[in-house]
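Protein sequence lines, in the order shown, are assigned to chains Y and B.
Here the first sequence stands for residues 1 to 234, where the numbers follow the numbering used here.
Here the second sequence stands for residues 1001 to 1304, where the numbers follow the numbering used here.
In case anyone wonders, no lab produced these hints; they're calculated from the structure.
Just so it is clear, CB atoms sit at the ideal spot from N, CA and C, and this is done for glycine as well.
Do not rely on the hints blindly, as some may be mistaken.
As the list claims (entries may be wrong) - Facing chain Y, according to a computed beta carbon distance under 8 Å, are these residues of chain B, among others: (1) W1057; (2) E1060; (3) A1269; (4) G1272; (5) V1274; (6) S1275; (7) M1283; (8) M1284; (9) L1287; (10) L1293; (11) F1300.
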Amino acid sequence: MFFTVKNLKVSSKGKEILKGVDLEMKKGELQTILGPNGSGKSVLVQTIMGNPKYQIESGKILLKNKDITKLSSFSRAKLGIALSWQNPPAIKGVKLSQLLEKIAKSKTSKIKITGLLNREVNLNYSGGEKKLSELRQILSLKPKLVILDEIDAGLDLKKTEEVAKIIKEELVAKNITVLLITHSGEILKFLQPEIVNVMVKGRIICRHKGYKKVLKTIKDYGYERCKKHALFTD
Amino acid sequence: MVMKGAKNTHYLQIDNNIEKICQPKGVEILPAEMAWQKYDWTRKYFLTKPKKGYFIWAKEQTKNPLLSCVSISSPKIKQQMQNLLVVENNLKVDIQGTCNSSKKNLNGLHQATGKILIKQGAKVNYQHIHSWGEKDAVEVSYQFLLEKDSQLNYNYRVITPPKELKTNNRLVLLENASANLEMSASCAETKFDIKESLILKGKNASGMLKLRLAAGKNSRISADSQIKAEAEAKGHLDCQGLLTDEKAVVSMVPALVCSHPKAQITHEASIGRVSEEQLNYLMMRGLTEKQALDLIINGFLDYE
C-alpha cells in the first residue's frame, strides 16, 4: 500500500479528537474525505503532516511501508507529502516569490498567479487567491502524496471548476496520489474520486466507491446515515 | 576580508589606520583631524578636536554612491571616531556606509559620534550596514540636521550583532524637510540600548521613525524612541519587536511630544512572539526550523 493510516488516535489539549482512524491509499489514487465541520478532518491531515500541536496517542502513519509517525513535518515534506492548508497563515514581509524561491523544486508552473508573486504570503488574499497560492506552492514541491484541505471552500462554481481542472491535469493525470478533504462535496462532480470516506466525530464511518450515492445520502439524510449505505465500513 | 568591493570605497579605515581615501569629483574626503585644521567652520560641528574619524564634504553633484568602510581586524582594538558629513544645497547623494569586524572574536570597541548636515534642498539616501563579531561592543551617536526642503532616507541595518550595541541618534528637521529613518536588527546573546529621536522644528516638516527589532536567545533590547513636534508638522513612529526565544526580552518605549496645536504625530507599537502556526506552515513546505525562523525574521525586518 502506498499510504496507510492505522487506528490513529489523536488528542489536543487533553481532548480526544480522532478516535481510531484507518485509511489506505494506492499509488495514484484520488480519495476524498467528506464530513461536517468539526468532525476531525483538518486534525487528521495536520497530524498526517506532523503538526506538533496534535498528540498521537496510538496508531501509525506509513508511507510506502515506512513508519513516519514520529517524523517532523520537515522530514515528511522531504519524503514527498504536501498539504494545502484550509486557512494558511499570513507571513508578513515575505513575498510569495521569495517563499517559492526557497521551497520550489520545480520553477515552472501552469498556475497563473503573476499578480500574487509580489504580494506578502497569504496577507489579505481573497479565498480564491489563497487556494491558487497553495496549489502553486504544493505543485512546486514535486510531491508524491498531496493532501488538499477544503480546497473548494469559499469558491464559487466557476472557481471550483478551475481548481478541479488544475488538480486533474497537474496531479491526477500525473499519477500523484491525492487525498481531498471537503465538507460541501461540490468539487467531487468535477473530480470523480475513486473512493469517498465519510468522517463523523473523529471516525471514518464509511468508505464508498460511488460518490454520487454518498452525496445523495448526505443531502437526504445527513452524514450519520452514510454508515448504512457503505460498501465497506470499518 | 574587510568588505566586498572594498577597493571601490572612498574612505577605508582598518582598526585605527586610514588605508585609503579616494576623492570622487566634487567631493572632499579628509581625516577628521585634518578637516579641523583646514576648515575653521568645521569646528562648530566637531566641538572638540577630533583624533580619528572622517570628514566628507559633498560640494558638487556626484554620479556614484559614496562608499565608506570602517573595519576592525585586530584583537582588542578601540575605535573612537568623530565624523562629519556635509551635503551642500540641492545635491542628491547616495551613501553606503559599512562598519564591521572581520572576525567573530576580536573583542573590539567601535565608538562613533558625528554630525550629518544636509543643506537646503539636498536629498540624501544613506544605507548604513553594521556587521560585528559576537564579542564586540558598539556605541553610535549621530546628530542629523536637515535644512529647509531637504530629504533624508536613512536605513540602518545590523546584519550580525555585536555583544553590546548602544545608539543615540537625533534628527532635527527644519521647514519642509522630510526624513525617513528605518532601523532593523536581529540579535542573539546581545544587549541593545537604542535611543532615537526626531524633532520636527520647522513648518511642514515630516518624519517617519521605524524600528524593527528581533530578539533571539538571551537577548535584551531596550528601545526608546521619540518624535517631538514643535511646529505645524507631521510625524509617525512605528516600533515593532519580535521575540524569537523564550529567554529574550524586548522593551519599547515610544513617545510623542507635541508643543504645536496644528502638529499631527502618531505612533504604533507592538511586540509579539514568532507564531507556531507560521513555523509549522513553512516546515510543511520543506524548510528546517532554522530556515523557517530566518525567513519569518527577515520578513519582519523587511529584508529581501
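task = Return the numbers of the hints above that this structure violates; sort them in rising order.
result = Checked against the structure, the hints that fail are numbers 1, 2, 3, 4, 5 and 10, while the rest are satisfied.
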